[in-house]
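Residue strings, one per chain:
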Amino acid sequence: MTVTSDPASRVAKRPNRLFKNLMAKLASIPMILTALVVFVGGTTWTIVYSFTGSRMLPKTNWVGLDQYERLWSSDRWIISIKNLGIYGSFSMILTLVLGFCLAACLDRKIRFESAFRTIFLYPFALSFVVTGLAWQWILNPEFGVQSVVRGWGWETFTFNPLNDPDTVIFGILIAGLWQGTGLIMCIMLAGLRGIDEDIWKAAKVDGIGTIKTYVVVIIPMMRPVFITSLVLIAAGIIKLYDLVVAQTGGGPGLASEVPAKYVIEYMFRAQNLGQGFAASTMMLCSVVIILIPWAYLEFGGRKRG
Amino acid sequence: MSKVMKSLVMGTALTCATVAHAVELEVTHWWTSGGEAVAVTKFADAWNATGNTWVDGAIAGSGGTARPIIISRILGGDPMAATQLNHGRQAEELIEAGMMLDLTDVAEAGGWRDIVNPPALLDSCTLDGRIYCVPVNIHSGQWMWLSHAAYEKAGVPVPADWNEFVATAPELQAAGILPLAMGQQGWQQNLAFGAITIAVAGLDAWREVTVNKNAEVAAGPEYTAVFQAVADARELARGSNVQDWNQATNMVITGTAGAQLMGDWAQGEFAVAEKVEGQDYSCLPGLGLNAILDTGGDAFYFPVNDDPEITAAQKELAALLISPEVQVSFNLAKGSLPVRGDIDMSAANGCMQKGLGILADGGVLPSGDQSLSADTQTQIEDLMAQFWSGDMPAAEAQAKYVDIIASAD
Numbered sequence: 009m010t011v012t013s014d015p016a017s018r019v020a021k022r023p024n025r026l027f028k029n030l031m032a033k034l035a036s037i038p039m040i041l042t043a044l045v046v047f048v049g050g051t052t053w054t055i056v057y058s059f060t061g062s063r064m065l066p067k068t069n070w071v072g073l074d075q076y077e078r079l080w081s082s083d084r085w086i087i088s089i090k091n092l093g094i095y096g097s098f099s100m101i102l103t104l105v106l107g108f109c110l111a112a113c114l115d116r117k118i119r120f121e122s123a124f125r126t127i128f129l130y131p132f133a134l135s136f137v138v139t140g141l142a143w144q145w146i147l148n149p150e151f152g153v154q155s156v157v158r159g160w161g162w163e164t165f166t167f168n169p170l171n172d173p174d175t176v177i178f179g180i181l182i183a184g185l186w187q188g189t190g191l192i193m194c195i196m197l198a199g200l201r202g203i204d205e206d207i208w209k210a211a212k213v214d215g216i217g218t219i220k221t222y223v224v225v226i227i228p229m230m231r232p233v234f235i236t237s238l239v240l241i242a243a244g245i246i247k248l249y250d251l252v253v254a255q256t257g258g259g260p261g262l263a264s265e266v267p268a269k270y271v272i273e274y275m276f277r278a279q280n281l282g283q284g285f286a287a288s289t290m291m292l293c294s295v296v297i298i299l300i301p302w303a304y305l306e307f308g309g310r311k312r313g
Numbered sequence: 060m061s062k063v064m065k066s067l068v069m070g071t072a073l074t075c076a077t078v079a080h081a082v083e084l085e086v087t088h089w090w091t092s093g094g095e096a097v098a099v100t101k102f103a104d105a106w107n108a109t110g111n112t113w114v115d116g117a118i119a120g121s122g123g124t125a126r127p128i129i130i131s132r133i134l135g136g137d138p139m140a141a142t143q144l145n146h147g148r149q150a151e152e153l154i155e156a157g158m159m160l161d162l163t164d165v166a167e168a169g170g171w172r173d174i175v176n177p178p179a180l181l182d183s184c185t186l187d188g189r190i191y192c193v194p195v196n197i198h199s200g201q202w203m204w205l206s207h208a209a210y211e212k213a214g215v216p217v218p219a220d221w222n223e224f225v226a227t228a229p230e231l232q233a234a235g236i237l238p239l240a241m242g243q244q245g246w247q248q249n250l251a252f253g254a255i256t257i258a259v260a261g262l263d264a265w266r267e268v269t270v271n272k273n274a275e276v277a278a279g280p281e282y283t284a285v286f287q288a289v290a291d292a293r294e295l296a297r298g299s300n301v302q303d304w305n306q307a308t309n310m311v312i313t314g315t316a317g318a319q320l321m322g323d324w325a326q327g328e329f330a331v332a333e334k335v336e337g338q339d340y341s342c343l344p345g346l347g348l349n350a351i352l353d354t355g356g357d358a359f360y361f362p363v364n365d366d367p368e369i370t371a372a373q374k375e376l377a378a379l380l381i382s383p384e385v386q387v388s389f390n391l392a393k394g395s396l397p398v399r400g401d402i403d404m405s406a407a408n409g410c411m412q413k414g415l416g417i418l419a420d421g422g423v424l425p426s427g428d429q430s431l432s433a434d435t436q437t438q439i440e441d442l443m444a445q446f447w448s449g450d451m452p453a454a455e456a457q458a459k460y461v462d463i464i465a466s467a468d
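Residue numbers (this note's numbering), protein chains in the order written: chain V, 9 to 313; chain D, 60 to 468.
If we strip away everything but chain D, and leave its shape as in the complex, we get (with noise of 0.2 Å):
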């Protein structure tokens, strides 16, 4: 009889045992698109299969509603174990707080500092020498897609880059094809204009400008010429009536207008729509005059925790996203560029390639979510949605642009 006792005691024990070890994390994201929620299963599988539990939080909405979520959910005293948010300036007070868990151990034991490529990625997790979040994806903006079924129709060659691409317009328009598509959203004309930028100005003037705040250069020739190609740019895009950026990359699939300016992540929609690069489509990076990208993308905090079980499972999931084989098979499914550069990546297409290629010379530069807070930004977005869409002269845009910049922190 004791016997018996004594072995279901065993046994409960045992069962307590792996209970405890089987631990649930809450993750929140905003990845719930198609191709998103895809590429978020390949983590949620990866931490299953160490034997704990990913207990998925999406949040539906773009990253702009989900944010306030998150933050406040941290700031109420009811943190989820770990969370997305783009790396940047965004979680800044949060760490300031005291609030996210310090992930410098991990880092050490990983070799971050080794592996992560650019390297500017972990520097904006960290903040005086800790680090504080798990850069996963890189995402970058600069990127003119092209549809070939519509410089078909004008019966033009499919430009190489945007001074081509400007020269070549009348001939779309004559053969009744809009331009350039753009979605009426502060945020994706903020995009072109970063993308035009960088073209035009090159990357002196922006770093000049966007990193260091400087007004004098934001008021200088090189970005009189920013605006004024900005200000073409809106007349390309006039009659460009669409809202949501993945309308207005239809309007390219379907060829109704030659040419977007949008991030990578517009390749989903056109894997989606079944268009193989290079046949029906054409992607420029950098708009095929400067060939450099900015490093944008999706990191996960974990916010502190009181269970000390929790933090360290936190710590084995931040691990294990960075691994070479997640790392793999996340963003394949993604579509964006993998944080380190020493893994596999030949399973990916064409414009990948290219993307990759850049990364490996160096080519990049830190985005704007980077450089600017929020404040500034929603800012920017604001001059950008009234620039577009109405008839601002570009002399009075780039002054009220001199003067967010010389606002700016």
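Isolated chain V, as found in the complex (with noise of 0.2 Å):
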């Protein structure tokens, strides 16, 4: 993660430093080309246009900020602002807390560890859109949980979150848990691996009990660890699209709408590129918010320190 130099090179005989590793520059400019085009290239032109009135084609006819006072005025943005809120914070959270747990467990030298860790991996291996069609169905109430454990004696069991407007946005989070929390388990445990043998001696020696082993000394040295998990969570949160449109359409109503689908739903269907291009450039704005803070702290603070 470091990105300063080490002293060695800058009291290096020569200062040129543009033909220093010349070929792996030479290398790597199809990579900066498609990363200045596409990304940088293609986020302009995006936020350029979200200020024309385009519809089905970009047009530049300047409407300055209407499509965001459209944006922030409608009903589905807020509500699909707002789920995202709901479902972010918990998948963060439960996937960071779940993930470590489970990798705890395993890292205590248990029997059949692989076969556990290929279990817990394997939701990973499925779609978003297999995963949100078999948690449709697990969650059903006519042939899911809830009649099972009918079935079972309790006649009054009721779990339908699905057709609940105010907990349908949960029953998406259940099946996200289940399909992400295998990976960050995963990384986890690799982190957990990393960890010198003779860390876990001293604390002994020392009198430390296991838990408070694991949260005082093994928690902070597996930091880069959670960093790579974090990034990779809200990656997974921001881009939550498919999950949502192959379990609940967006339904009951527009009670599971999120932003991402805000965006594909009015570029396409309702051929109205503006206000697509204008959601699409509040989510950049949530992201960046959200990184440059911590891109600060993260790599400014080392720099000076």
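These are calculated hints, taken from the structure and not from any lab test.
Cross-link-like lysine-lysine pairs, in silico, DSSO-like; alpha carbons within 27 Å at most: (1) D/K101 with D/K413; (2) D/K101 with D/K334; (3) D/K272 with V/K67; (4) V/K90 with V/K247; (5) V/K90 with D/K459; (6) D/K459 with D/K272.
Both chains come to you apart, so use the hints to assemble them.
Structure, rendered in structure tokens:
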């Protein structure tokens, strides 16, 4: 993660750093161009056209902030943002906690570790569409969990999250967690395996309990692993789309709409590119608002130190 | 020897000529369900019979999935030879950008102006006096489908209009039957809203709001009554948790629900379940109150092509799609109404005959697709999805509707 060069190269005799590692720099030119044209260029283009009244085709009839005004007065967008907030915060916390706990359990040298690891990681091999469909059936009251429990004798048991506007986002959260926790567990497990055995021995000598060792010693040591997990989970949250489409289609009503779905539907179904661009620009803004302070803390602080 | 050579050369030239004549046209559409696929083969067979080749480009999923694919192919410079779209405003910008073939000469040669009924169909293919698409069928959304089995169980006669349906709903509920089946998708709820609007508010108010975008009428007493009626319908559909329209139709077929508001394509489901019109189910166009149908439907567009040979074939295909024999065979298979009134449709069943009668009497209005842009349609569908699934008061929904109409273009 450190980007600062080591002191040895700074005092090197050849000052022209442009030609250092020339072949490596040549080799990365295609990627740099791709990044500039596709990411920076595409993003700029989208932002510029979000100030136009483009419909099916991009046009340069400027309308100022009209698209944004309409966006923020749209019920559907507000619901989408709220849903993403709920899904995002729960998903972030629960995935980290569950992923770490599962990894810690597997790390206690249990029997059949690899079997459990495979079981936990397996959902990650399924696409969101399959996950969504499977959980749509599991949560369906007629032949899912509810009917199974009722079959056991609890006649009044009710578990129908997907058809209730207040709980539908948690139904999606369950599927999201089921799918994503395994990967985070594996990353955490790799991190735990990287911890030196001697640390454990030292902690034992000092008489620190197992759980306290995890919380006070091991977790701080796993900071880079947590950062990686955080980025992976955050990316998964922002692009949440296919799971919703497969599981609920945004319903009941608009109760499980998410921003990415708004963007796609307004760009293509409603044939209103300007509105879709405005929504995707707002999504970008939210990412940037979270990313910049974090990047500053992560990278900026170290340079000064 | 030279003779042999000569005949060989001649032969090759001949083969070339025939190959050049048999043009392959790729046609994209989203007719993939059982009945729809049969209907498409009627087109394909007719086209292949002319010595050309129909390359079928079916795109699975509904129009919402297929349209973006079709449009991005045209925009991306990889146009198909012909494509299905709903006529109306969906292709407006593509026509303005000069990406669709002008069919005016074919239309004039075939006298489309005189044969297409209702003429509004051709109008929605027309931009600045030029014609850009061929309408092939008419689908209307203002139908109520009633289950005879459900009413028999409840012990009440099958209603003859919407008001009777609402009045008998408590008896259905007492018998444990859901009065109104409703798929939980915005477009279905919007379709029901549209059907109730025409039945309750009447044609004039509807036209003022939907065609002229008059927000004052949308805020007026006619529409207050509409939203009240839709709120009542919402209560009658409580507990209908199905998603797709055909699942809701299936509730009517099996008698677990009393009725459904759905377009005439629902007929195909009854036909597949081998139900008989008038005996197992009834259909009420215009909900039995206003015998008026909208004239949405499908049309074929022909993207502009550089190859003059393909352009000629495109025009040939355009003329074929609207020819009398093809219209009859296609629409009988599809269960839709033909776009021309001068052909014999006596093989059609009772519901289709009702529809044909209304068409002949001129009880038609343009569909939402023809009057509202896709953007406005989406906004109204969003509102309906929110309204039907929650507890939004009718007055609040009306206020939001007025906002959408006021900003519609």
